[in-house]
Amino acid sequence: MNNLNEKAQGKAMGLTACPSCNKLNEIKYLRCSRCDTLLLVRDTSSLQKSWALLITAAILLIPANIYPITMLTDRGRIRYDTIYTGITHLVQSDMFPIAIILFTASILVPLLKIVGLTIYLSAISFRLPISKKMLMVGFHIIEWIGRWSMLDLFVISITVALVNMGQLLDAKAAPAATAFALVILLTQMAAKVLDTRLLWDRLESKDDTN
Amino acid sequence: MERDCIDDCVILCRSCDLVVRKRALPSGARALCPRCDTVLYDTPYCSINGMLALCITALIFLAPANFLPILELHFFGSVRTTTIAEGAMAVSQQGYWIVGLSVMLTAVIAPALLILSILSQILIIKYQLHNAFFRNVLKRLLAYQSIISQLSMLEIYLISILVSVFNLSDFADIFLGMGTFCFSMLFIVTLFLQREYNLEHMWNMLDE
Numbered sequence: 001m002n003n004l005n006e007k008a009q010g011k012a013m014g015l016t017a018c019p020s021c022n023k024l025n026e027i028k029y030l031r032c033s034r035c036d037t038l039l040l041v042r043d044t045s046s047l048q049k050s051w052a053l054l055i056t057a058a059i060l061l062i063p064a065n066i067y068p069i070t071m072l073t074d075r076g077r078i079r080y081d082t083i084y085t086g087i088t089h090l091v092q093s094d095m096f097p098i099a100i101i102l103f104t105a106s107i108l109v110p111l112l113k114i115v116g117l118t119i120y121l122s123a124i125s126f127r128l129p130i131s132k133k134m135l136m137v138g139f140h141i142i143e144w145i146g147r148w149s150m151l152d153l154f155v156i157s158i159t160v161a162l163v164n165m166g167q168l169l170d171a172k173a174a175p176a177a178t179a180f181a182l183v184i185l186l187t188q189m190a191a192k193v194l195d196t197r198l199l200w201d202r203l204e205s206k207d208d209t210n
Numbered sequence: 001m002e003r004d005c006i007d008d009c010v011i012l013c014r015s016c017d018l019v020v021r022k023r024a025l026p027s028g029a030r031a032l033c034p035r036c037d038t039v040l041y042d043t044p045y046c047s048i049n050g051m052l053a054l055c056i057t058a059l060i061f062l063a064p065a066n067f068l069p070i071l072e073l074h075f076f077g078s079v080r081t082t083t084i085a086e087g088a089m090a091v092s093q094q095g096y097w098i099v100g101l102s103v104m105l106t107a108v109i110a111p112a113l114l115i116l117s118i119l120s121q122i123l124i125i126k127y128q129l130h131n132a133f134f135r136n137v138l139k140r141l142l143a144y145q146s147i148i149s150q151l152s153m154l155e156i157y158l159i160s161i162l163v164s165v166f167n168l169s170d171f172a173d174i175f176l177g178m179g180t181f182c183f184s185m186l187f188i189v190t191l192f193l194q195r196e197y198n199l200e201h202m203w204n205m206l207d208e
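Residue numbers (the UniProt record's numbering), protein chains in the order written: chain A, 1 to 210; chain B, 1 to 208.
Please note that the accuracy of each hint is not assured.
Calculated pairs, DSS-like style, for lysine-lysine (alpha carbon to alpha carbon, straight line, at most 27 angstroms) [to be verified]: (1) A:K133 - B:K22; (2) A:K11 - A:K49; (3) A:K49 - A:K133; (4) B:K126 - B:K139; (5) A:K192 - A:K49; (6) A:K192 - A:K133; (7) A:K28 - A:K133; (8) A:K192 - B:K139; (9) B:K22 - B:K139; (10) B:K126 - A:K28; (11) B:K22 - A:K11; (12) A:K192 - A:K11; (13) A:K28 - A:K11; (14) B:K139 - A:K11; (15) B:K22 - A:K28.
For the record, the hints were derived by calculation from the structure and aren't laboratory data. These numbers come from a predicted model, not from an experiment.
The task is simple: from the sequences and hints, build the whole structure.
Right, dumping it as structure tokens:
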């Protein structure tokens, strides 16, 4: 207990937390004493997995935004809407609050999530001198807000199920919906698989007081 | 012996692996990691009987919330209704099965699994079923708990019902029904259940 100074890493003390139940274990054991999960002191491969998922998501973000996400038949006329034009239609029909909610959930959040995770992963991979505390705050925000992108998909599923009156008024989903769903799934997984402890090890040589 | 002492008074931050000395907390307070602000632990606030009551309430609302229509649309005399699952099916049938599957998973399956999983954990702990089989079940359930609660997105679905109402009220008349009420209640009860539930505390009960 005497060597418990303020800035000690658990790894340096021969201790590690179980990845599943967070119980304290000694590094020499293979499995957690409480839940039998394999102990991983650091999951170094998680960085590669996270990069792979993130790059795939970034590529899919392009079709998700340029292809139409809904198809609306209104009295015989067919109108295709991308995420962006759908929001501009809402603005034109004076529904600002809804437009802001949808803009945040389907354009701002996915974009910020990909940019944020790219910065975060580059900071680990290329040892960028960015404040670790700020990175971690950003990471927690990304983890929490990422789920809200599902809003658009829920709205589409409700609309498609309700509005089906043939030529008169009919809503259908369009190809971007799948790409958008995959963007959400992959970015959430990229944040989920990453072992954030890597950040705090790698930058140890730099000033870590902030 | 020294190890036992370390076990009780030290905790490792799961995000940055910092060694933190445990302290007693006043009720309602949370301990954050001093280096990276991740939540480390909070005061055990998880009353088994309270959670059991919330679980049973949630179970009562679960069926009507999923089988009664959540929205009703009237358009020149024709009436359309939908449940959550029908919405997911409609998207799947147009070929977007990934979208349908994710809607089904996050709005129907995960919330139901969440409630059933917490209910079984509580029953095992409350009736002190200590044989190997039940201990194993409890371990498995606790290990999957965090992923299930992340997948369950009732709050987002509730907001998207509101967004759809505003969106569609331009074209047609929209009515909320008993299903919408049951769904809102399910959301509120699950919210309180998740506030009351504490994974760390449940793992400790396994040790006892």
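Quick rundown of the hints versus the structure:
no., hint, in the structure
1, A:K133 - B:K22, "holds, 21 angstroms"
2, A:K11 - A:K49, "holds, 23 angstroms"
3, A:K49 - A:K133, "holds, 23 angstroms"
4, B:K126 - B:K139, "holds, 15 angstroms"
5, A:K192 - A:K49, "holds, 10 angstroms"
6, A:K192 - A:K133, "holds, 19 angstroms"
7, A:K28 - A:K133, "violated, 30 angstroms"
8, A:K192 - B:K139, "holds, 21 angstroms"
9, B:K22 - B:K139, "holds, 25 angstroms"
10, B:K126 - A:K28, "violated, 35 angstroms"
11, B:K22 - A:K11, "holds, 18 angstroms"
12, A:K192 - A:K11, "holds, 22 angstroms"
13, A:K28 - A:K11, "holds, 11 angstroms"
14, B:K139 - A:K11, "holds, 26 angstroms"
15, B:K22 - A:K28, "holds, 23 angstroms"
Hint compliance for this structure: hints 7 and 10 are not met, and every other hint is.
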